[in-house]
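S.K.: Residue numbers (our numbering), protein chains in the order written: chain S, 3 to 352; chain X, 2 to 294; chain E, 2 to 251.
Watch out, some of these pointers could steer you wrong.
[Unchecked claim] Under the rule of at most 20 angstroms between Cα atoms (straight-line distance), these lysine to aspartate or glutamate pairs were calculated in the EDC-like manner:
#, chain 1, residue 1, chain 2, residue 2
1, E, Lys20, E, Glu10
2, E, Lys187, E, Glu10
3, E, Lys110, S, Glu212
4, S, Lys197, E, Glu118
5, X, Lys131, X, Glu189
6, E, Lys110, E, Glu157
If you are wondering where the hints come from, they were derived from the structure by calculation, not from laboratory data.
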Amino acid sequence: MTVSPREPAAAKPRVPRGPVLPWVSRQALVGLVVVVALAAAWPALLHPSAYQKNLVTLTFLYICTALAWNWLGGYLGQVSFGHSAMFGVGGFVSARILLSVHVPFAWAWIGGGIVAGLYALLWGHPTLRLRGPYFSIATIGVGEASRLVFTYWEWFTGGSSGLSLPIESGLKARLYWWGLGLLAIMVCASYALRKSSLGLGLLAIKSDVEAAADVGISPTFYQDLVLFLSGLAVGVTGAFYASYFSYIEPGDMFGFVQSISFVLMSVIGGVGTIVGPVLGAIVFVVLRESLIASYPQLYLGLYGILLVVIILFEPLGLMGLFFRIGKLTGLVRPQVVAKAAPGGTGAVRE
Amino acid sequence: MQHFAELFIASVLLAGLYAAMAFGLGLIYGVLRIVNLAHGGVIMAGAYAGWWLYETVGLDPYLSLIPVAAAAFLFGVVIYRLLVRRLPRGAAGGVQSLLLLFGVWLILRNIAYLLFTGNDQTLRTSYSTKALSLANASISVNRVAVFFIALAILLFLHLLLRKTYLGKAIRAVAQNPDSCTLVGIPIERIYALTFGIGTALAAAGGLLGATLFPFSPSFGSAELLKSFVVVVLGGLGSIAGTAIAALILAMVEIFSILIPGFPVYLTAAVGFVLLVLVLVLRPGGLFGQRVLG
Amino acid sequence: MTAPILRAEQVAKRFGGLKAVDNVDLQLAEHEILGVIGPNGAGKTTLFSLIAGSIPPTAGTVHLGDRVISGLPAHRAVHAGVVRTHQIVRPFGNLTVLENVMVGAIYGKRGPAGARERAIEVMEFVGLGDRASALPANLTLAGRKRLELARALATEPRVLLLDEVIAGVNPAEAQQMAELIRSVRKSRGLSIIMIEHVMPAVMALSDRVIVLDAGKKISEGKPQEVVRDPKVIAAYLGESAVKAPAEKPA
């Protein structure tokens, strides 16, 4: 089979491809490199305070969780309210590894991540065959049950008194770099999942599961795969979190609030986009530091109001706003916006 | 054997409560194709409303069912008119309605924290500790009352859906909204009323639950999951299916303590395990997914 | 007839008490176009779902060559070489035309290598070459039906199941679609089973026709023979029509 010689200009592939990572556009690659370089130069150039540096490290961490949640919630349209389960499993498994054997913490993180991914498959494989709301409610159950069970498993999690990790001097300063590295990996992975041929398949599943199966996509396999990866990534960030605070407690790690924040960051920035969760996580951290710190008794309600207002007025969050401006100025093509549609757009009806 | 009979009676009584809690969730999903994630929040609000009415004006919790359900009905209609109606229908609206109603739940929870703190509360009336004795077994008066009230609610709903014009319109909308518009059924009003009825049921279920169990602002998430398990097991809108599913869930929960060495804290996970088993073995629900059939 | 490429033996599907497909036998020869007609609710689309793996049969088997494909999940049936289109078109609304077709090319038989080029070629073949970056919602119904066909072709099937790709479009577009189906067989060497309500198209395109009524196969043969079969006329027009000389459908 050959490419037709009289290929009209309009049919020319319009997505520019970078030479290094074929699925990342050149602009995105340049953007990523610039951002990482800026973040790397920042401590040396501006000598931030320890507080500022810690805040930025935490932001890296939250961006990673938001991106990982978005793989499932945004790319596949399967909204999980129970991702704290994998966050907790990743954290505690890595902590147990660090407490029992002498390995570099990165190995413990990977170990925690893999166990978290497998844990996600354990409950997710049967429930992912349900689309949409059914799956979401099941995840609420998973989150709750995990929290209860792991709080009672004192031999593993230390119960309500939690676990303390060995404290290393200068660890927090080093974790800034680890956080930045993790962030870069997660952004690249997000691009890979979205822009590669795998990403097209995920978008097809999100749009219409049955039609996707009818052109050769195995919905079970790809949904399981994304869930595993998402669980793995959230597990690794949970492990990072554990190393960072050197003390973890199941009520916090498995808490409902963790799950909500993963959802909220993506919703603020724009579910289903790549840049959205990054922006959302930044806004979330700023919001938490400024508002929540002064009114701790109101944070649940604030999260709730944010969800309601964003979904009502701009379901694509900040990215939705950008798309609107972009459409007015002709910078964003409707095709780009269509891909970010929050739910399955379903069949086009006549 | 004695023990077995006691556990069975306890399961039946608990099943009544589960059925009443679940029916509202199933009804709203059957008609609007929306999973009402605020369901858990309304269950919690119903519990607090009953408790508050008893503590401040001394209104008996079973009597306060009427004002609480009425208020919840209005709340449901308002939520529908103000929020849910604005969402796109169908697949694209699915994720959005989930997130939006989840937001409503968080707001309700926060209000409860502000008004009543995060402490566990219990609704204790003069007859809370009374028990009936029946052939050597003693059964709490409250549990029996809750069972019969739940039964009465379900019977009322059955008659409402089967015998009244409104009920027939609701069932028609559930089956085919497009042709309902053609024959002049005011479909938006039916949606709003259905959302109100479903919300009222959740609040009533929460209030009934509050007479049996302690509750806090986070009350409702386990109940939402249980309601969901019942809906998946029993199918949508079928009262008999709901009742049988509720009985199965209650029996599994209660009889799980007979398993030697079964840790009590795992009871919370029992519902979920049951859900997964059903999904794997009978993806269409135990009795097939009838939509208000 | 040489060895058939696709063979269904006594396939049946029951939904509760309803026999949607009732022990149907069917053979499709290499490069053949087989028409499937029948009144509404005759079980035609269910038969397609059984062959394409969307639903498992209650009884019976479907063979592709020497391979049993009945009971395979839909995506495995595609990899085996059988692909279907949907009567109500189901494009991926969030993807462009090119990307829709690319999904077929990537996840079909040949895999991701060169998928873009193959997708472009198929798009040109069905006449959507200039709509590559359009969204499905911006195509006409005829355009979306072409897209449905292109996406199926991109999986590189041996057997193509077309569910009413002509019905619902205007006569000029129907004519073009019929031409397209002919060239699918001619230049791509596919074997085709098509469900169609538009009788002139069935008569003109099909080598052979089978008629379903209430899940049963009631007639089979050359198009001109089948439409004269009293059982077929009765199924379409009711028993009384059989006694009066039937008019040949236009």
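S.K.: Please work out if Lys110(E) and Glu157(E) have their alpha carbons no farther apart than 20 angstroms.
M.R.: holds, 6 angstroms
S.K.: Lys187(E) and Glu10(E): Cα distance at most 20 angstroms?
M.R.: Distance ~28 angstroms between Lys187(E) and Glu10(E) Cα, so the pair is violated.
S.K.: So if I understand the rule, the pair passes when the alpha-carbon distance is 20 angstroms or less; does Lys110(E) with Glu212(S) pass?
M.R.: Within the cut-off at roughly 18 angstroms; holds.
S.K.: Need the status of pair Lys197(S), Glu118(E): alpha-carbon distance at most 20 angstroms?
M.R.: It holds: about 17 angstroms lies between the C-alpha atoms, which stays within 20 angstroms.
S.K.: Check whether the Cα positions of Lys131(X) and Glu189(X) lie no farther apart than 20 angstroms.
M.R.: Distance ~46 angstroms between Lys131(X) and Glu189(X) Cα, so the pair is violated.
S.K.: Below or equal to 20 angstroms on CA atoms is what counts here, so check Lys20(E) against Glu10(E).
M.R.: Roughly 16 angstroms separates the two Cα atoms, so the pair holds.
Hint compliance for this structure: hints 2, 5 are broken, all remaining hints hold.
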